[in-house]
Every structure is written in C-alpha cells, then in structure tokens.
Amino acid sequence: MSPDILQAIVLTIITAATPLLIAALGELVVERSGVLNLGVEGMMIIGAVTGFGAAQLTGSPWAGVLAAIVCGALFSLLFGFLTLTLATNQVATGLSLTLLGLGVAGMVGERFVGLPGVKLGTLDIPLLSDIPLIGKLVFGQDPIFYMSVALAIGVWWFIFRTRAGLTLRAVGDNHGSAHALGINVIGVRYLAVMFGGACAGLAGAHLSLVYIPQWVEGMTAGRGWIALALVVFASWLPWRVVVGAYLFGAVTIAQFHVQAQGLGIPSQFLSALPYLATIVVLVLISSNRRMTMRNTPASLGKPFVPER
Amino acid sequence: MIRIELDRRPQHSTLFSILSPFIAVVITALIGALMFAMLSKSPITGLYAYFIEPLTEVWSLHELIIKATPLILIAVGLSVCFLSNNWNIGAEGQFVMGAVAGSILPVLYPEITGPLVLPMMLLMGLAGGMAWATIPAFLKARFGTNEILSSLMLVYVAQLFLDWLVRGPWRNPEGFNFPETRSFHADAVLPEMMSASGRAHFGFVFAILAALVVWFMLAQTLKGYEIRVLGASPRAGRFAGFSQRRMVFFAFLLSGALAGLAGIVEVSGAIGQLRPSISPGYGFTAIIVAFLGRLNPFGIVAAGLILALSYLGGEAAQISLGISDKVANVFQGVLLFSVLACDTLIRYRIRIVRPKPQPAPEPEAVKARLEAAQ
Numbered sequence: 001m002s003p004d005i006l007q008a009i010v011l012t013i014i015t016a017a018t019p020l021l022i023a024a025l026g027e028l029v030v031e032r033s034g035v036l037n038l039g040v041e042g043m044m045i046i047g048a049v050t051g052f053g054a055a056q057l058t059g060s061p062w063a064g065v066l067a068a069i070v071c072g073a074l075f076s077l078l079f080g081f082l083t084l085t086l087a088t089n090q091v092a093t094g095l096s097l098t099l100l101g102l103g104v105a106g107m108v109g110e111r112f113v114g115l116p117g118v119k120l121g122t123l124d125i126p127l128l129s130d131i132p133l134i135g136k137l138v139f140g141q142d143p144i145f146y147m148s149v150a151l152a153i154g155v156w157w158f159i160f161r162t163r164a165g166l167t168l169r170a171v172g173d174n175h176g177s178a179h180a181l182g183i184n185v186i187g188v189r190y191l192a193v194m195f196g197g198a199c200a201g202l203a204g205a206h207l208s209l210v211y212i213p214q215w216v217e218g219m220t221a222g223r224g225w226i227a228l229a230l231v232v233f234a235s236w237l238p239w240r241v242v243v244g245a246y247l248f249g250a251v252t253i254a255q256f257h258v259q260a261q262g263l264g265i266p267s268q269f270l271s272a273l274p275y276l277a278t279i280v281v282l283v284l285i286s287s288n289r290r291m292t293m294r295n296t297p298a299s300l301g302k303p304f305v306p307e308r
Numbered sequence: 001m002i003r004i005e006l007d008r009r010p011q012h013s014t015l016f017s018i019l020s021p022f023i024a025v026v027i028t029a030l031i032g033a034l035m036f037a038m039l040s041k042s043p044i045t046g047l048y049a050y051f052i053e054p055l056t057e058v059w060s061l062h063e064l065i066i067k068a069t070p071l072i073l074i075a076v077g078l079s080v081c082f083l084s085n086n087w088n089i090g091a092e093g094q095f096v097m098g099a100v101a102g103s104i105l106p107v108l109y110p111e112i113t114g115p116l117v118l119p120m121m122l123l124m125g126l127a128g129g130m131a132w133a134t135i136p137a138f139l140k141a142r143f144g145t146n147e148i149l150s151s152l153m154l155v156y157v158a159q160l161f162l163d164w165l166v167r168g169p170w171r172n173p174e175g176f177n178f179p180e181t182r183s184f185h186a187d188a189v190l191p192e193m194m195s196a197s198g199r200a201h202f203g204f205v206f207a208i209l210a211a212l213v214v215w216f217m218l219a220q221t222l223k224g225y226e227i228r229v230l231g232a233s234p235r236a237g238r239f240a241g242f243s244q245r246r247m248v249f250f251a252f253l254l255s256g257a258l259a260g261l262a263g264i265v266e267v268s269g270a271i272g273q274l275r276p277s278i279s280p281g282y283g284f285t286a287i288i289v290a291f292l293g294r295l296n297p298f299g300i301v302a303a304g305l306i307l308a309l310s311y312l313g314g315e316a317a318q319i320s321l322g323i324s325d326k327v328a329n330v331f332q333g334v335l336l337f338s339v340l341a342c343d344t345l346i347r348y349r350i351r352i353v354r355p356k357p358q359p360a361p362e363p364e365a366v367k368a369r370l371e372a373a374q
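Chains as they are written, first to last, in our numbering: chain X, 1 to 308; chain E, 1 to 374.
Any given hint could be a false lead.
[Stated by the list, open to error] Far from chain X, some chain E residues (derived; all Cβ distances over 12 Å):
| # | residue |
| --- | --- |
| 1 | PRO115 |
| 2 | GLY144 |
| 3 | GLY241 |
| 4 | ARG245 |
| 5 | SER320 |
[Stated by the list, open to error] Selected chain E positions facing chain X (Cβ under 8 Å, derived; list incomplete):
| # | residue |
| --- | --- |
| 6 | ILE44 |
| 7 | LEU47 |
| 8 | LEU160 |
Don't read these hints as lab results, they were simulated from the structure. It should be emphasised that the depicted structure is a prediction, and the values quoted were computed from it without experimental measurement. For glycine and all other residues, C-beta sits at the position ideal for the given N, C-alpha and C.
Excised from the complex, chain E in its bound form (with noise of 0.2 Å):
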C-alpha cells in the first residue's frame, strides 16, 4: 500500500501560505468538472456556465457583489472568532435576529419616515445580532458550555422565531396572507450604488469598511496581538495578562454584530421585506469564505467574491444545464475540503511512501542446488 507521511516543517512555508487557497480553487475546479461529466453534462460547458457566463454582463455583477456583501461582513467578523479560537457556528442565526431587529421600524411603524430612519435599522440590526452572540459567549464565559453546539442549536431557534413573526404577528396586513411582512417604505431601503446598471446596494462599502477596520485591528493593535496570542496559545495569553473570558465576549460581540448588519444589510437593500427564509445558508458559506480568505480581512473580501459566484453559478447551471441548484452548496463544501486539505502543504511536507519491494525468500530447492554446486 501506498502511504502518505507528513514532516513537520521547522517553520511554515511562506510558499504555501500564498498558494494554497489557489491549489484549492483548482481542485475544486478539477472536482467540479468530474462531476458534470459524471451528470452527463460536458465539463467545459459546465464550468463554464458556472464560473464565467456570470462574470460576462453587467446586471450579474451587480448580482454577485450583493451575494458577497453578507458573505465578506459575517466572515470578517468570523475570523476574529477563528483567530481567537472560538468557533462561533451560529452567524446563520444571528444574522437572521439582526435582520428581525432591524426590521422593527419598517415593519411595526411605518409612519416614521426621514432619513434617520435607514441609520437606526442599521443600528438596531447590529445590536439584534450581538444580542443573539452574547447567549453562546455568556454560557461560554460563564459555564464553559461548547459553542460550537450552543450557537448551532441558537440558529434554528432563530429561523423558527423569524418564521413565526412572518406567518404571525407581523405578516402584512394587506399581502394576501402570504408569509411575508409589509414591503419596506423608500425611507427603509438601502440605496443602489449605481442605479442605471443593476442593484447592487451601498452594503458592499459597510463589507469592505468592516474588512479595512478589522485588518486594522488585527496588524496594528494591541488588540489585534491579544487575539492572536490567546488563539494560538490561551496559557500564554493567561501569563501575558490577556483575560481569555473577555476575548470570547469580544470575538463572539464583534462577529455576531457583522453578522446582524449583514442580515439587515440583506433585508433592507436586496430583499426589501421579511419572509421566511432571508438567506441560503450565508452564515454557514461565511465559515469557508473566512477560511479560504486565510482569517485575513484583504483574503475575505477576495474569498466572499469567489463563493457568491458559486451562488450565481448554480443558479446559472440551474437554467442553462438544468442541474439542481444545490451543485451551489456541494462546490462549496467541497472547496472547504480543498482548502483545509492544502493547509496542510504549509504546515507539513508531504511524502508519499512506496513499500520496499521484499526481497524474495529464497526457494529450497534453489538454496539446495546451489549447495550441491559448491
């Protein structure tokens, strides 16, 4: 049998660091293309379809940077918590209470208008969703409860209380009783940047303000040095004086409150209403765009590009292929395996071990024969 074995290298390869995210995309390229032809689709065809045809016009790129708008604000804001070592799973769900809290205004007063009134849902989301955080960091800090459970169950938690809002008390009046609230007034509705060529809203500038201000914090702040001494080694932070409860309310406040902007960012600028399912599962796609991003702000804002093509990709494969829209969520996954997979080129150097042929026992009769000769 063929092995593979690692070496640890004595220092992380600088090389790999720069390339791995690049092999991955490569793979999951190559992955990709073997599953078209496996659906019986030309692979050319395929890829193509799904990574490039989106690329070709200009409503489309509008399109993919409203996709990327959630994508890059939530994982920004997950590397922070990566960084840190607290795995927060759950930006689904504050994404979804910060779209609901940001929603009041619009939804229960629609009689307040003005200018201010965009501002205070903003705020407002932001607070709904580090509200929502605060559950998993307290049981965290308090009880040492796992967070990676806690905040999961918290997401379906918050997709049924959005569910019982739009079907309940807040469904709108006038809708034909459809699941859905009242559609936000001009007031309420986040602008378009450029309104003559497509859609895309001003939530893209909060993504990449989010991604300039926390790179800031992590290259050139103390803060940022807390958060990384604590990631890599909590007892160290604890002897540098770091306190490692305080590090899970920040990561968890900061990321939750990236997540909520990012959830009423969504409603209030592509969305326009509350309905039962706001995302397709941004929150989860935000884990391996911070990955592939490499937890760096600059690689998010590349990364959160590159998965919302794969969500305008299987829309495009849906129609011009008619392969199942899910084709989205399997490059995805894949691409996160491709990633950690090609992690590993940095840490480690790879060798792939053949058995030594044995040498073969020698036959009696030979060994016999040989004896005679002598």
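So that you can see chain X by itself, here it is in the shape it has in the complex (with noise of 0.2 Å):
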C-alpha cells in the first residue's frame, strides 16, 4: 500500500470517528453527573439540521457550527427540565429526546432536501501541514477535528484535575452525600446536560458540515447510540473514549474499502458492521464486569429528590 493511499485511509478513518469521540465525550461528562441520557441521537440530528440550516441562510459555516451547538444544549434542556426537576425516568425521557429529535429534524429539514450544503474547509497549520505523511493528518484537518482533540483533552483535565471535576463526579457517585454537602446536584446536573446537548449538537455539525456536507433526512443513522456504546466502552473513561471512537471509525471505513475491492459481499452486509461491532464490543466489557463497575458513576440513572 503506497503511502498516499494509506494516509487517504487514515485521513477518512479520522473523519469517521470525529462526530462519534465529541457526542460520546459529551455524553460521558453527562454520565459521570450521574445522568444517563439516551437522547444523543436526536440531539445530534438537531444540530445536523439546524447546522445545516444556519450555514445555508447564512453562507458561513461556522454559523452553522455555532448554531449547531446552542440548539445542541437548548434541545437538551427539555430532557434537562423533565428528569431533574420533574423526576422522570431517565431511560424513557431520553428515549423521548430522541424520537422528538428525528421528528424535528425531520419536518425542519425536509425543505433542505438535496440542497447543496456549505462545506466546512480543512484549516491547514502553515509549514506543519506540510510535513510528509503525518502533515495532513494532524495539521490538516477541518477546524471540528481540532476541536475534539482539545475537548478530549479538556475533559480529561476538567474531570481528574479540577475541583469542579470532582464535584461532578461526586454528585454521580452519591447524590446523597453531595446535596448533604451542600453541592447543588440538581444544578450541576443541568450544566452537565447541556453540556453533553453542546456536544451532541456540535457532532451532528461535523456531519452535516463535514462528513456529507448535505442535509439527509436520519443522516445520524445510529451514531448517537454508538456514541452511547462508546462511554460504556470507555468505562468512563476519556482517553479510553478516543481509542473506542477511532476504533469505530475504522470499522466504519473499512466497509467502504472492502465494497471497492469488490469481494461479492453485499454492500448491506457490510453497512451492518459498525452495528455488529457495537454489540460484539458491549459483550465483550460487559463480560469484564470487574472493570466496568469500577468506573461507573453509581448514581446513574437514579433520579434525585431532595427530602425537605
């Protein structure tokens, strides 16, 4: 395999694996709160949408980035709203997030059908880009890829390394305790979940803005409940995030390589893929039940209350 080609590989490997590692950074943070959101798909397909629609009024891009993540977290309030100050059930609010979503972004974006879309351009570092084989990789890449370097990073930092990070995770570990301690769950609980809607708003972006810059109606195909997978994967963990993301990206990729080497194998047999990949990989940690209870947020899930 000629250099070039494999860096094409590489390249579109990273492409793959972007909107996955930010949706799933965001929904880890929300987690470690101890907020098991499920709505990520329809919160990624409203900032596809509203993405797309932003950068077509406006002509610019990164109007639709920014456009992406605020109505990201916007959307998210609504699960927000109903789960910490209502109490609902998690499992079925977030559910219902995502069925709102796709209906949304559905009847939103059907007057954006087959328009064509405004590409978000790769922003390439001067003289870095240029270097051989790992030039384009690293250095030349769309602006939403550096950004979920710095949000893997960030998350990492914030959650390990911050008094606020352990604040977080306090109030996922025991709700209890940190309400006694006079921590706000309810209102870091809120600040999570935008969070995590900012994220899954700017992945749905990267896909309407980068990944097929277009509007398609149920483009997110799944991507918010293999970024679902993904945290679990992880064991909450951030780096494990990254690895889990361009591990996905590359099952995802590699389908469309083997379809070109024309091996006979459907095409829909191989689409299948990431899906199977995503089971096969839930099975796999869950059966080391050691180490996926050692990090989950023992929260999760839970509704919180507080007694007066």
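Got two chains here, each in a separate frame; can you build the complex from them with the hints?
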C-alpha cells in the first residue's frame, strides 16, 4: 500500500471517528454526573439540521457550527427539565428526546433535501501541514477535528484535575452525600446535561458540514447510539473514548474499502458491520464486570429529589 | 427565580393515575396548536385536520384500525418488558424479522397454497420476531450486556437484512427491477373483516386477543405478580425465589413474538409484499403507546388508536395543509414527553416556589436620622 493511499485511509477514519468522539465525550460528562441521557441521537440530528440550515442561511459554515452547539444545548434542556426538575424516568425521557429530535429534524429539514451544502473547509496549519505523511493527518484537518482533540484533553483534565470535576464525580457517585455537603446536585446536573447537548449538537454539525455536507433525513444513522455504547466501552474514562471512537471509525471505513475491492459481499452486510461491532464490543466489555463496575457512576440513572 | 419543588406523596395519587394520560393528550394538542400557529396555519383548522377529519369517514376508520394493529400488538409485549424492568427498544427490528420470516412461504414457495398457509406464516412470523429478541435477551442474561443498546443496534441490522433480501435474492423476478418481492397470493393474504366498507383486516382481532391474554396474565396469575415484583425490586424478587435471568428471556421472547406477529400481520394484511421499508417506525411509536396506556393492556388498546390517529393525521395534514408528514413524529415525541411529565403528578405533589422578597437593607442615612430623632 502506497503512503498516499494509507494517508487517505487514515484521513477518512479520522473524519468518521470525530463525530463519535465528540458526542461520546459529551455523554461521558453527563453520565459522570449520574444522568443517563439516551437522547444523544436526537440531539445529534438536531445539531445536524440546525447546523446545515444556519450555514445555508448565512453562507457561513461557522454560523452553522455555532447554531448546532446552541440548539443541541437548548434541546437537551427539555430532557433536563423533565428528568431533573420533574424527576421522570431517565431511560424513557431520553428515548422520547430521540424520537422528538428525529421528528423535528425531519420536519425542519424537509426544505433542505437536495440542496448543496456549505462545507467547512480544512484548516491547514502552515508549514506543519507540509510534513510528509503525518502533516496532513495531524495539521491539515477540519476545524471540528481540532475541537475534538481539545475536547478530549479538556474533559480529561476537567474530570480528574479540577475541583469542579471532583464535584461532578461526587454528584454522580452519591447524590445524597453531595447534597448533604451543600452541593447543588440539580444545578450541576443541568450544566452537565447542557454540555452533553452542546457536544452532540457539534457532532451533528460535523456530519452535515464536514462528513457529508448535505442534509439527508436520518443522517445520524445510529451514530448517537454508538456514541452511547462508546461511553460504556470506555468505562467512563476519556482516553478510552478516544481509542474506541477511532476503532469504530476504522470499522466504518473498512466497510467502504472492502466494498471497493469488489469481493462480492453485499453492501448491506458491510454496512451492518459497525452495528454488529458495537454489540460485540458491548459483550466483551460487560463480561468483564470488574472493569466496568469500577468507574460506573453509582447514581447513574437514578432520579434525585431532595427531601425537605 | 421561580422554582419547582417536588414533595413525595405518601402514596400514589389514584386521581392522577387516571387523569395523567388525558392531561398529556391535552398538553400535546395545545403544543400542536402552537406549532401550527408558528407554521402560520390556523391552529383550529390544523388540529381539526389532524385529529378529527380522519375520524369522519368510514374508510379512514378502517385505516385507523390497520395502523393501530401493529402498535397495539407491539406495545402489549413491551408493557411486559417495561414492567419487569427489561428495556427492549428493538421492537422495530423484531417487527422486521417477523415480517421476513413470515414471508418465506409466499415468497420462496408460492406454489404452496391452501388454508394452512396463513397460519403457518403467522407462526413463522412469531418465531422470527422471537428469535431476533432472543439475541439481546441472551446477551443480557449471560454477559450482563446493556439490552437497550444491543436491541437497538439489531434494528439497524434487521433493516439492512430486509433491504438486501428485497433488492437481492428475494426480488420479484417479474417486478421490473423494483426492490420488492412478488405479491402474496390470495391464500397468503390476511382476510379483510368488512370488505364492503374498507380494508381493515383480521389482524386487529389478534391485537385485541393479545391485549386480553396479557391483561389476564398480568392481573390474575402468579407470573404477572412475578413480573411486577422483579420490575419494582429485583432484590425482593430474588428473595421470593423468582429468577431474574428467566424473566429476561420471558419478557424479551414474549415481546419479540408479538412484534414479529405484528410484522407478518402488517405485511400479509396491509401491504401484500415485502419492500425495503415496511414500517413507519411502529416499533418506536409502540414505546409511546405502552407508556400512554400506562403499561396496562386495555389502556394500550386506547393509546394505540390515539397514536394511529397521529399517523393518519400526519397524512391528512400533509394533504390539506401542505405541511410535512413528519409532523406526526413531532406529535408523537411531544406526547411521550407530556405523558412522562404528567406521571410526575402521580408520585409527587408539585409546588411552585416564589422567592420571598428580601427586606431591603436600611440605608445608612435613614438609620442616622432615626438615631438623631431619638
């Protein structure tokens, strides 16, 4: 394999992995606060449609990115209000966020079908992007890739190296004690949920502004759910989310290359690979119970109602 | 800032248990009216076109029953899952696999005819959905794998499998290359109930039967008690000697079988052949049906009819108001949100807390004057 082809493959893997990475990092913070938001798919598609729409209207992809982040965060507030203020079941509420998001995005996006998109171009860092082989890979990417790298480092640093991160983990591990210590449990969780929404929105914008610069109905195609699985895969550790996202990016891209080889395998079977891989990975992770249990936030999924 | 505070009720409010689905429907209608206004359509015309118009004609009542059939069948199964705390989110995939398995006879062996074909198809549909549901159940029981994610991933796999079948090996040889199977022959089609007035088929009878059987099981048998105990408190269930592992299989297999039955009923009753897409998301909408029906089979029958109306209304609104038929999915999402929000009223008393006005600190000048006056 020539270096050029190898470089091209790695580039596509990175592009496929970036939205998964961003959405999963957001959800990781949400789950570290003890909230399980299954609405990632819905928030992501809201980000994709608003990102595409805002970029269309203004002609600036950056406006699209901003709109996606803001709308993702606002949309997650719906989930936050129900689960945090009204203490509803988080699983059911997250599901309804996904259903609602898919519906709203389909309705809003109908007028965008078939329109040419505004692509967010690559941001080549001068000189560094001219380094052979790795130059284009590391320093010639789209801006959202750089954000994903910053996000991965930022989330790790925040969770394990800051006082606020410690508070977040305390809230996620034992909301009763955190409340007794005077921490505003609900407030912390609202912030975490909105952060997750903003990340999912950004991930959606990557899909409709970088990955496929177009609006296609249902274009998230289960990526939000794969991001949720990644958080479990990573056993709630940011660096493992990075590894997992790139593994999944590789699986997603591998199917295209196998298809191009013309081995006669039906394309549908290859398209099913990322979903099957998700299941396999979940099985492998969950069968090692000790590893999963160690980092699972103990209050995950439990509603918190302060006693008065 | 005005805050909302929750006070736990000593016991669940019976009043709100009954009222909450109705309040949820009203809230959804209000939000719908607001949405129509924002789309600059008259809210009254919009709501009428959406919720009332489909009920004014007989043929459309038949369509309502056709759409409600899969929703009720799937949701009745899901209610057993949700009550026992098993989150089967993959009914859509089980529906597809039921449709595929049930179609083996009419598609691959069209020469086999006779009165036995249909019962065989229904049984195979049942088995197909059940087999697909066995996968997440086995993974959960054996490895502790999260069933929400595994059952959901299998939806995408099932849809791709169906897509491959109808474009590849099962494609109709005389179908001008359309991605669809041959049309089912007369013996493989579920008969209509009252063919003079519309196309509603006997699938609805299965849906009602399923609701009756599951209601009986839940309300009258030890199994129903076991489902509730294991759902409410797995620990208590273990002490009572109930096996959580076996309950996982029971709930998933039952709901998978009903979703599979819904699949073959839809294909042989309403569509008459396999296509790349055979469901407008019945498996997901059934989740809403289950919750709106308060996980009670009779409630689910009513909720299934209401959600079926949302599909018809979506089509009607598209024709008469020119808005996207995706509005149906928006209504469904809003409805589930409202149902969940209203259920809070059952468990909690809601208090809206206004901040007490803070006494303004006395300005120094006033203090000084007061002192001077003394």
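The hints, checked one at a time:
1. With a least CB separation of 35 Å from chain X, PRO115(E) remains clear of the 12 Å interface cut-off, as annotated.
2. Non-interface call for GLY144(E) relative to chain X: violated, since the shortest CB-CB distance, roughly 5 Å, does not exceed 12 Å.
3. For GLY241(E), the requirement that its beta carbon stay farther than 12 Å from each beta carbon of chain X is met, with the minimum near 24 Å.
4. Against chain X, the non-interface label of ARG245(E) holds: every CB pair exceeds 12 Å, the least being about 15 Å.
5. Residue placement check: SER320(E) keeps its beta carbon more than 12 Å from all beta carbons of chain X (closest about 17 Å).
6. Because the smallest distance between the Cβ of ILE44(E) and any Cβ of chain X comes to about 20 Å, over 8 Å, the interface hint for this residue is violated.
7. For LEU47(E), the interface hint is violated, the least distance from its beta-carbon to any beta-carbon of chain X being 17 Å, above 8 Å.
8. Using the Cβ-Cβ criterion of 8 Å, the hint placing LEU160(E) at the interface with chain X is satisfied: the shortest such distance is roughly 4 Å.
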